[in-house]
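Asks: This is what each chain is made of:
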Amino acid sequence: MLDGTILLVEDNPDDEELTLRALKKNHITNEVVVAHDGAEAVDYLFGTGAFKGRDTSKIPQVVLLDLKLPKIDGLEVLRRLRADKRTKLLPVVILTSSNEERDRLQGYDLGANSYVRKPVDFVQFTEAVRQLGLYWLLLNERPPELRGA
Amino acid sequence: MAAHSQSDTLLPDTSATPKASKASPWQALRSGQQRLIAIGSLLSIGGLVLLFSAAYRSNTRFLEWNNLVVHTRDVLRTLEDFSSAMKSGQLAAVEYYSNGGEVQVQALAAAQAAGRRALDRVRTLTVDNPKQQRKLEVLAPLADQGFELLHRVIELRQAGKSGPDAMKPVTDDARKISPLLASALADMIGEENRLLEQRSAEAAVTARRTRILQLIGGIFATGMVVGVFLLFLRENSARASAETRLRHANAQLRSTNRELEAFSYSVSHDLRAPLRGIDGFSQALLEDHSAQLDEQGKVYLQRVRTAVQRMGSLIDDLIGLSRIARTQLGREAVDLSQLARTVAEEVRNSDSARTAQFSIAPDLRAEGDPRLLRVVFQNLFGNSYKFTSKRERAQIEFGRTNENGKSAFFIKDNGAGFDPEYSSRLFGAFQRLHAASEFPGTGIGLATVQRIIHLHGGDIWAKGEPGRGATFFFTL
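Order-wise, the sequence lines are chains R and S.
For the first sequence, this note's numbering puts the final residue at 149, and the numbers step up evenly by one.
For the second sequence, this note's numbering puts the final residue at 476, and the numbers step up evenly by one.
None of these hints come from the bench; they were simulated from the model.
Everything numeric in this text was worked out from a predicted model, so none of it was measured.
Even for Gly, the Cβ is constructed at its ideal location relative to N, Cα and C.
Mixed in with the good hints there might be a few duds.
So the derived list for chain S, only partly shown, Cβ under 8 angstroms to chain R, looks like this [claimed, not checked]:
hint, residue
1, S268
2, A273
3, L275
4, D279
5, A284
6, A307
7, V308
8, Q309
9, G312
Hey, can you work out the whole structure from these sequences and the hints?
Replies: In structure tokens:
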């Protein structure tokens with residue numbers, strides 16, 4: 001069941017703060033869960049580790065995934081999400097500094113739904129978050145399986 | 001200094017990109033050792049040819065002498081034939097004189113004929129030897145006289161005359177002729193024997209010389225084959241070790257390239273993150289705390305943001321530049337005129353408020369990487385467009401021309417131009433010849449263009465005057 005939360009996977013506290021600020025400025029009021037590394041993100045989604053016992057039937061509306069992460073990197077997180085049938089169709093937006101073609105290719109190859117490069121200019125960043133929110137939280141029609149209950 | 005060394009690591013100098021050299025085999029022989037081998041080979045082959053031709057000539061001479069020996073033996077045998085014909089004639093005459101019998105008359109005639117034939121043959125055989133011919137002129141009449149005497153013996157018996165008195169004139173004549181005939185014959189045989197000895201000696205000498213020459217030639221040729229084989233072995237091992245070194249260097253280069261990639265990856269990722277922080281929180285200050293800031297404070301914050309964003313584009317351009325250094329160059333036929341028109345359109349659309357006249361020569365083509373050549377046009381047209389922004393009628397031209405005797409493409413504008421004194425610094429990374437307030441930019445565009453041109457094995461240079469526009473020439 002979708003609970004309308006946004007899972008933000010971000011290790012940089014500045015980026016975390018700025019992303020939250022950008023969401024707020026765009027009046028996106030959905031609950032935001034922050035995972036500070038790849039392992040935490042995987043634990044949250046699959047109810048393991050620190051999140052043992054979490055109701056995993058509640059899955060986020062969208063995952064905003066950084067690529068360069070401690071412990072398990074973003075692409076590996078994506079690979080694990082796509083390998084599990086509970087999160088196979090979960091919308092994942094790669095939100096990263098990297099503009100390497102290789103990362104983009106691999107990201108899409110592993111089943112990312114979007115690839116957004118974080119601009120340096122905060123005004124542009126806010127605009128990018130606005131569009132992301134608009135698209136993934138409002139406009140996008142979810143696959144039937146995820147609409148679930 | 002730090003920034004400089006960093007850019008060194010980030011941007012390996014590709015200006016030394018080896019251009020495909022078309023060395024002729026003769027140029028390849030420039031290295032001393034190879035030249036030595038070439039000269040040695042030529043000398044060896046020359047020596048071998050000389051040796052074999054000497055052996056061949058010596059052998060021919062041996063065969064000639066050998067033929068002469070055979071010839072001389074032939075002459076000697078024929079002279080013996082004559083001698084025995086003479087003897088059987090004598091025998092037949094004496095027998096007839098004692099006992100009669102027609103058989104003996106026929107035998108004498110046959111002996112005479114054989115003697116004549118033998119002398120005729122000697123004449124033919126010694127036709128090239130005037131000395132023997134002269135001796136033959138002596139022998140032949142004596143032989144005739146000898147046979148005539150024998151006929152006279154037979155006639156005596158036929159006439160029924162016998163006894164010492166009847167024989168006396170014949171015996172007297174025989175006593176005169178016989179020694180002459182014997183000595184003439186001995187003379188000829190002696191001469192032929194002398195020739196035989198001389199010719200046999202010559203034949204033996206030439207035979208030995210031929211054998212020695214053939215032996216030397218054989219040894220020489222074997223030596224050459226062994227030498228070539230050894231050279232081949234050495235070359236082979238030299239090549240093998242060169243290949244090993246090349247593989248090693250290649251592996252090193254690949255690993256350096258991987259490191260470089262990792263480096264630029266982390267530059268692009270990690271350097272931008274703090275910039276985002278600075279920009280974002282400056283903006284947050286402006287938005288949330290502007291009440292606590294006076295106007296000057298707000299201006300300063302705005303300048304912080306401008307500086308940070310400039311740093312962001314510097315990083316992006318640097319990454320782009322280093323990416324070009326790592327690019328695998330693709331080569332195909334590119335319609336430069338078409339590419340120029342497309343890029344000109346993009347450039348024009350980037351600022352619709354301006355008007356600029358692009359004139360692009362048709363049907364210019366070149367071999368190259370279309371993606372990278374597009375970057376070249378984007379930068380050069382972009383520059384021209386930027387530096388003509390203060391002109392009322394901006395004119396930008398692309399075409400082909402002859403510069404210093406070589407055909408080059410050019411992009412020309414009537415913009416701000418530059419001081420030719422600094423033209424050598426145009427293509428350095430971070431080099432700018434105009435103040436940022438006058439014309440914006442990161443100073444990496446032309447460095448990128450130069451890198452691409454060098455990757456193609458081409459050259460790029462520029463001409464300009466302050467206030468009178470700039471022209472960039474390039475070859476591919």
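Asks: At a threshold of 8 angstroms, is the proposed contact between Q309 (chain S) and chain R supported by beta-carbon distances?
Replies: 5 angstroms, holds
Asks: Does A307 (chain S) pass the interface hint, meaning its C-beta sits closer than 8 angstroms to a C-beta of chain R?
Replies: 11 angstroms, violated
Asks: Does A273 (chain S) pass the interface check with chain R, least Cβ-Cβ distance below 8 angstroms?
Replies: Since chain R brings a Cβ to about 6 angstroms from A273 (chain S), closer than 8 angstroms, the hint holds.
Asks: Restraint: V308 (chain S) near chain R, CB-CB cut 8 angstroms. Satisfied or not?
Replies: Given a least distance of 6 angstroms, the restraint on V308 (chain S) holds.
Asks: Measuring from the C-beta of S268 (chain S) to each C-beta in chain R, is the shortest one below 8 angstroms?
Replies: 6 angstroms, holds
Asks: Holds or violated: is the Cβ of G312 (chain S) closer than 8 angstroms to a Cβ in chain R?
Replies: 3 angstroms, holds
Asks: Could you check if D279 (chain S) really has its C-beta closer than 8 angstroms to a C-beta on chain R?
Replies: Constraint on D279 (chain S) satisfied, holds at 5 angstroms.
Asks: Was the hint right that L275 (chain S) lines chain R, CB cutoff 8 angstroms?
Replies: At 5 angstroms from the nearest chain R Cβ, L275 (chain S) passes the 8 angstroms test, so the hint holds.
Asks: For the hint on A284 (chain S), does the least C-beta distance to chain R fall short of 8 angstroms?
Replies: 6 angstroms, holds
Violated hints amount to a single one, hint 6; each of the other numbered hints is respected by the structure.
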